[in-house]
Amino acid sequence: MEVQEAKFKVIGTRPIRHDGVDKVTGRARYGADISLPGMLHAKVLRSPHAHARIKSIDTSAAQALPGVKAVITGNDLPDLAAGAQQMGEMVINPRYLSLNILAKDKALYNGHAIAAVAATSPHIAEEALNLIKVEYEVLPPVLHVNKAMAAGATILLSELRTSGEPEKSDQETNVATHVRFARGDLEAGFKAADAVVEHEFDTSMVHQGYIEPHNAVAQYNADGHSTVWVSTQGTFSVRELCAHILQMPVGNIKVVPAEIGGGFGGKTTVYLEPLALFLSKKTAKPVKMIMSRTEVLKATGPTSGSFIRCKIGAKKDGTITAAQIWMAYEAGAFPGSPVGAGCMTVFAPYALENLQIDGYDVVVNKPKTCAYRAPGATNAAFAAETVLDELAEKLSLDPLEFRRINGAKEGTAQPAGPQFRRIGFLETLEAAKNSEHYKSSLPKVAGKLVGRGVASGFWFNAGFQSSATVSINGDGTANVVTGSPDIGGSRASCAMIAAEVLGLKAEQVNPVVADTDSIGHTDVTGGSRVTFATGYAVYDAAQSAVKQLRERAATLWKVKPEDVVYQDGVVSCTTNGQESMSLKQLAGRLARAGGPVTGSAAVNPRGVGPAFATQIADVAVDPETGKVDILRFTAVQDVGKAVHPSYVEGQIHGGVSQGIGWALNEEYYYDENGIMRNSGFLDYRMPTCLDLPMIETVLIEVANPGHPIGIRGVGEVPIVPPPAAIANALYRALGVRLTELPMSPPKVVKALMEKK
Amino acid sequence: MATIIIPALLRKLTGGKDRTEAQGRTLGEIVNDLERQFPGFRERVVEDGDLSGSIAVSIDGEIITGGLSEPVPPNSELHFVPAIGGGI
Amino acid sequence: MAGKVHVETTLNGEQIEFLCEPRQSLLEVLRDVLGFTGAKEGCLTGDCGACSVIIDGRVACSCLVLGPEVQSKTLETVEGLATSGDKLHPLQQKFLEHAALQCGICTPGFLVAAKALLDRNPNPTEHEVRFGLAGNLCRCTGYDKIVRAVMDAAAVMQGR
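Chains as they are written, first to last, in my numbering: chain A, 1 to 756; chain B, 1 to 88; chain C, 1 to 160.
Just chain A, same shape as in the assembly (with noise of 0.2 Å):
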């Protein structure tokens, strides 16, 4: 598809989202801010055991206590059939999935829900928690990758076999997935090496941390239909899973989406809902449930620490001649770490003929895994960004020229296999090399080691199903309605494509962000891809809609319509040189011309532009406490076309900003027990203003050819880079190569005497 090299008068443009006065005067209404008349509150009890077998449950006090409406256990919820299932376009396994909203037989986590009470208010039915009598047979845990592979590891799902591998095996594991990539001859390229750099990397659970907790209020009715209020990324995802679970059809129950106050990921799936919508079934009230922080990182989807294992070798000249990676990641409690998405972004940036990438998802008795932001990318990256950096030096080469030297473009094969299309790597190096920061030098400060170091990050982007209508109201102006909750300021970007197209301003534009019933199957707001993929859809429906507008004023004027065109905002006669309307003259006219505008569109687009990221940080620590502060940070990327640049720059800041925290700081801090110490903002430690500097952003367009727009997917590529950049400017400042993450104050005083 050729992009139009058009002149765009509304994408590229800064207008103030449509959303904005409602959020900066407290206005909007997320989840919580929801309420209805006779609403009960629900809370769950969770396990104090990483692992553990329940013996039984006595809930009588419990139903007791006065206020307390309806108590439930694993035990009421539908039993579901075990093994993988296609629900629409996602593949999941609604039998563990049920399991870890409300566990049967084993506690598999310290968090894991085990009951849950509906009350007259929040408080009772906290009080109402602590009169549910619990048996547990406490068993070991299984705490890190290495000792759930182990041979006579504790083994947390009976059933479980590693899928994946070419011969089936009966052997009860811990491992639930191989996943492999090979191609060429990776010993005849260690060979042909003059370096060869190797490393064992281990990395950290970590949290997506949005600072909104998790909510739902569900309403049945006694008609079997019933409506969810949620923040979600996923409003048709959490229709469908709570079809599944419960057993209800999945046209009974509308979603309807809040406001959301973050998700990166981590509202993909269901934790709340099936549970509210359950007891307001049993109770016949509705009923509102909303985490705690402490159950926000104990009992939702952090994302998978690791262990990884890499080994490049290249000549003297800088060509990388094989590469190799082994990785295992913590899938949770349940199956499904990202750990294949990792074995497909990690080398992407790179022209490789010899490499070998194994990825094992791996269950140990931590909550259940859910994607972050690139999920499985950044942990491969930090390994192999941080082995290229050691590469580069050992060969004497700037680390963005080894990288140019190697550089993934159109036609070069995927790790995975397929070959790129048009894409921006080599633009990002080229674009960090001749950087203001990059050819600045580096600042001394007093007292503190300072480094610089770059590293390279990949994301493949998704493409998916999305719906849309666009529909012209009387006064010229038009709607947008889309089923994409907005994460990010994506209601303003879809409004502004319709605008565009249809030659209004973007203000004239009403973008909704509508609930289950009322727009066509829309797939989750995640994946990079609601600019792309809801913004074709759009694209489409405002293209619909400008057809049958050229149609209205071919009968009025008595034309046919193909002499009719349209141009910004004025339809106007080829044949008859004097007819012409504006938009606002034809949509007052419409209902003697054939009647109201309605352009629909759903897709499920290919031409997925993926999206490269190059960053450059300066480091400077303090040797005695082992703080490090961010001096300066460069992030470039290659982002396709910034519809709202405001807002691509918004993501590229966002995305870094969590890559320096997963880098110096935030970790799931387990004691031998598995439970989990540091279960809070305090000290779960994520970057304040304080912490951070102005993050310099670098957008370059190299425009998608898949697309109308030349859109790419920006959201996710930022965060992969980060740890393994800060690694490799720490170690330019302290001498030593950090391999854990978070490279946090007490790792680096550490390393610091160790190499004394």
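Hints listed in this document are in silico derivations from the structure and should not be mistaken for laboratory results.
Treat each hint with caution, since some may be false.
Unchecked claim - Sample of chain C residues at the chain A side, in silico, Cβ under 8 Å:
no.	residue
1	GLY42
2	ALA99
3	LEU111
What the hints assert, rightly or not - Derived BS3-like pairs: lysine-lysine, alpha-carbon spacing no greater than 30 Å straight-line:
no.	chain 1	residue 1	chain 2	residue 2
4	C	LYS4	A	LYS285
5	B	LYS17	A	LYS191
6	B	LYS12	A	LYS311
7	A	LYS9	C	LYS87
8	A	LYS168	B	LYS12
9	B	LYS12	A	LYS147
10	A	LYS409	B	LYS17
11	A	LYS315	B	LYS17
12	C	LYS87	A	LYS584
13	C	LYS87	A	LYS505
14	A	LYS755	A	LYS311
15	A	LYS168	B	LYS17
Glycine included, every Cβ here is placed at the ideal spot set by N, Cα and C.
Position chains B and C against the provided structure of chain A, taking the given hints into account.
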């Protein structure tokens, strides 16, 4: 005829071959030909009568969306990769 | 259940009264008793600042204050920032212009904390802004545009 790159973990089925040629105008016909060449291949990639949800297929670099009825152009290169969403 | 306490206080310039249980936090009172859902619950331990309000001129985490404690005090919340009708406060306006919000959940807390900061220090440096707002967590924006918005608002409020 299309060139099929065999996924690494299935090369035991193909006696170590990492690529092969296959006949077929649709993905379904290609898979049937692969089954003829390497018995056991189909059950690795097909579930409930269509392409398994955990597998995606790339034809000439583009992930296709038509499942087994997807047309396969002659002389194209076909890869089986894990189906992955992002932020999902 | 303990009996409810009757509290009289001033909220965004208006004298109001409410009933609450002694164990209900000010955050709970604002949101569930009075219906002012601008202040948000993020952590309930005073670490994220999403529940920030101003009490007698000082910014405070309303999750750490009990409802009855605001007897006879002066409260300001995000709902009181916009002055007459819908005229936005310069901080609100600059947040919009600078795209200083993405999901917006931390925005009310930041606006309140920033107002308290500028009330105390009308002409802060970038470092003083970062120090003054370090009690408010944002996970979406990396703070870059928030800091720019606050400094731009300070300039506007000073007539610069």
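Now for the hints, and whether the structure bears them out:
The closest approach between the C-beta of GLY42 (chain C) and any C-beta of chain A is roughly 5 Å, which is under the 8 Å cut-off, so the hint is satisfied. Given hint, ALA99 (chain C) at the interface with chain A, holds; its Cβ is 4 Å from that chain's nearest Cβ, closer than 8 Å. Proximity of LEU111 (chain C) to chain A holds as hinted, the smallest CB-CB distance being about 6 Å (cut-off 8 Å). A threshold of 30 Å between alpha carbons decides the hint, and for LYS4 (chain C) with LYS285 (chain A) the separation of about 25 Å falls inside it, so the pair holds.
Between LYS17 (chain B) and LYS191 (chain A), the direct Cα distance comes to roughly 23 Å. Compliance with the 30 Å bound is thereby established for this hinted pair. Distance hint between LYS12 (chain B) and LYS311 (chain A) is fulfilled; the C-alpha atoms sit about 25 Å from each other, no more than 30 Å. The hinted pair formed by LYS9 (chain A) and LYS87 (chain C) meets the criterion: a straight-line CA distance of about 29 Å does not exceed 30 Å. This hinted pair checks out: LYS168 (chain A) and LYS12 (chain B) have alpha carbons roughly 12 Å apart, not beyond 30 Å.
With a C-alpha separation of about 28 Å, the suggested pairing of LYS12 (chain B) with LYS147 (chain A) holds against the 30 Å cut-off. Distance restraint check for LYS409 (chain A) and LYS17 (chain B): the Cα-Cα separation of roughly 27 Å lies within the 30 Å cut-off, and the hinted pair is therefore satisfied. Of the supplied pair hints, the one linking LYS315 (chain A) and LYS17 (chain B) holds, its CA atoms being roughly 28 Å apart against a limit of 30 Å. The straight-line distance between the Cα atoms of LYS87 (chain C) and LYS584 (chain A) is roughly 29 Å, inside the 30 Å bound, and the hint therefore holds.
With a C-alpha separation of about 23 Å, the suggested pair LYS87 (chain C) and LYS505 (chain A) falls inside the 30 Å cut-off, and the hint holds. Proximity of LYS755 (chain A) to LYS311 (chain A) is assessed by CA-CA distance (about 23 Å); at most 30 Å being required, the pair is judged to hold. Between LYS168 (chain A) and LYS17 (chain B) the CA atoms are separated by roughly 20 Å; this keeps the pair inside 30 Å, and the hint holds.
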